[in-house]
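*Asks:* Top line first, the protein sequences correspond to chains A and B. Anchor point for the first sequence: position 196 equals 233 in our numbering, and the numbering is continuous, going up by one each time. Anchor point for the second sequence: position 182 equals 186 in our numbering, and the numbering is continuous, going up by one each time.
Since the hints were derived computationally from the structure, they do not count as laboratory data. Since we're looking at a predicted model, the values are computed, not measured. C-beta: ideal position from N, C-alpha, C; glycine also. Heads up, a few of these hints could be off.
Said to hold, decoys possible - Calculated lysine-lysine pairs in the DSSO-like style (CA-CA distance at most 27 Å, straight line):
1. B:K169 <-> B:K255
2. A:K206 <-> B:K278
3. A:K149 <-> B:K301
4. A:K206 <-> B:K301
5. B:K105 <-> B:K122
6. A:K76 <-> B:K301
7. A:K76 <-> B:K255
8. B:K184 <-> A:K149
9. A:K149 <-> B:K278
10. A:K150 <-> B:K73
11. A:K150 <-> B:K278
12. A:K206 <-> B:K249
13. A:K206 <-> B:K184
14. B:K249 <-> B:K184
15. A:K150 <-> B:K122
16. B:K255 <-> B:K173
17. B:K324 <-> A:K206
Stated by the list, open to error - Listed next, with one range per pair, are the computed distances between beta-carbon atoms:
18. B:Y258 <-> A:L64: 43 to 49 Å
19. A:L135 <-> B:Y258: 34 to 40 Å
20. B:K131 <-> A:L135: 30 to 36 Å
21. B:S192 <-> A:G195: 25 to 31 Å
22. A:L64 <-> B:M204: 28 to 34 Å
23. A:I224 <-> B:K255: 47 to 53 Å
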Amino acid sequence: MEKLLRSKVFVWTLLVLPGLWPLVPLLRQDPTVGADPLKYILHHLGFVACILLATVLSFTPLRVIFPKSKLALALNRHRRLVGVGAFVYAALHLATHLVYEGGFHVLASDVKKPFLLTGLIAFAILLVLAVTSLHRLVRALGAKHWKWLHRLAYVAAGLAAYHQAAARKLFPVQVLWIFIPLALLEIARIMIQLSSQRRAAK
Amino acid sequence: MNIRTPKDWELPEAAVTNESMYRLRNRRDFLRTLGAGLAGAALAPRGLFAATAGFPDKENPLYPAAALKPTAYEYITSYNNFYEFGTGKDDPAEYANKGWKTDPWTVELTGLIRSPGKFDVNDLVAKTGGIEQRVYRHRCVEAWSMVVPWDGFALAKLVALADPKPEAKYLKFTSFLDPKNAVGQQDSYLGWPYVEGLRMDEATNELAFIATGIYGKPIPNQNGAPLRLVTPWKYGFKGIKSIVKIEFTDKEPYNTWQRLAPNEYGFYANVNPKVDHPRWSQASERVIGAGLFAGRKDTLMFNGYEKQVAGLYKGLDLRKFF
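With the hints as constraints, model all of the structure from the sequences given.
*Replies:* Set out below in structure tokens:
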């Protein structure tokens with residue numbers, strides 16, 4: 038398992054497959070999807086972006102909580118790849134939104150609505166983080182600045198959770214099972230780090 | 005000779021594209037239903053036949069053409085909002101057909117009326133004079149739309165049957181409550197049963213309709229069997245499904261979606277491209293069944309029925325009473 042997870046090809050496959058998933062109901066002519074196929078693709082891409090964002094953010098806490106786990110270590114090799122994957126899905130999601138709504142002009146009205154503004158800000162953050170993931174820029178920024186900048190990913194996750202919840206008439210439960218595990222992992226990680234800091238101070 | 009002035013919402017039966025042309029699958033089913041329906045016609049009294057099979061009244065007067073292309077039967081019956089059976093668009097088609105019984109069905113007319121009573125749905129159709137077909141635009145508050153060939157009867161006929169007292173100002177509609185068979189009702193978040201309401205003058209407007217069929221067939225469970233409200237100038241959620249009670253009252257009913265989110269959904273819910281939903285625009289809509297590359301269509305004031313209903317709202321601030 039750990040060997041498999043270390044493999045870049047394996048992770049790439051896991052990242053690309055969800056993007057192809059909409060082909061299944063489209064080819065099967067599922068009438069519920071066929072009724073408005075673009076809406077299905079739009080929601081699906083956003084959903085995958087949220088899952089990947091929550092997934093990549095869980096890597097560090099997993100390593101802190103299970104410092105001896107080779108699995109956690111293997112996962113942490115792919116932080117950049119999965120993070121950029123989340124950005125790519127968010128970009129495809131936004132592009133689909135623009136086609137779905139009929140052009141760039143909708144962005145002007147989008148910024149007035151919290152549901153859409155939160156999505157746009159989350160995307161802007163992911164864009165900055167993806168660009169600053171280039172080797173050259175990581176070096177130029179320096180480790181300390183880079184780390185602070187990339188903590189914005191947590192802001193993006195919070196905004197994405199709100200954005201996803203607001204997309205439906207009623208609160209969709211899937212938001213909880215995507216983001217609650219991440220929140221729990223983060224709480225555990227902070228508690229562990231605080232207690233080890235206290236121990237170091239003694 | 006009796007010369008009849010055609011109404012704007014009317015459509016000739018000939019202009020309605022044959023439903024079998026639209027269907028992607030199960031065509032044999034349809035033919036079987038058609039056969040059974042024709043066989044039943046010979047035995048059953050006319051009104052009853054219309055109610056049970058949902059077939060359009062053949063004596064319906066000729067309709068002038070309207071530029072509406074009905075949505076495929078398959079989409080109308082598989083892309084549904086019916087939260088009693090789950091919040092996914094595909095949930096109702098699955099879960100409303102797993103043991104939930106819509107036959108026999110009783111509707112209660114009650115409140116400030118002179119002829120209260122409980123009616124079997126077939127008797128009710130017979131008493132209101134049988135079934136006719138109307139092709140209406142259907143606009144969901146989620147900014148998508150369909151065109152549906154409904155079968156049913158004018159709500160005004162039901163109001164006349166109930167014979168309201170002068171103090172009756174509103175109609176309060178209540179849907180069924182059956183958490184055992186309606187999985188969505190096992191969650192209490194929506195506050196079941198579903199409730200909707202209309203002002204008396206809205207209910208007696210010529211457009212207000214009680215549907216018992218789609219495409220000349222009995223209305224499927226997922227679309228609100230055996231009878232539902234259709235108010236084509238309002239957002240779809242006003243069209244309460246599977247009605248069990250209609251109460252005539254002097255108080256404005258507090259409808260389900262208004263109770264859930266009063267800042268997003270009001271009592272009136274008139275289709276209005278100029279008043280946005282707080283989370284999305286209502287200026288345009290996606291047309292169901294138009295395909296992957298179809299663009300959006302501008303949403304029309306009162307969903308294109310301004311001529312028939314604009315008079316009902318003269319002097320009403322539509323931004324405030326959305």
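*Asks:* Any of the earlier hints contradicted here, and which numbers?
*Replies:* 7, 8, 10, 15, 20, 22
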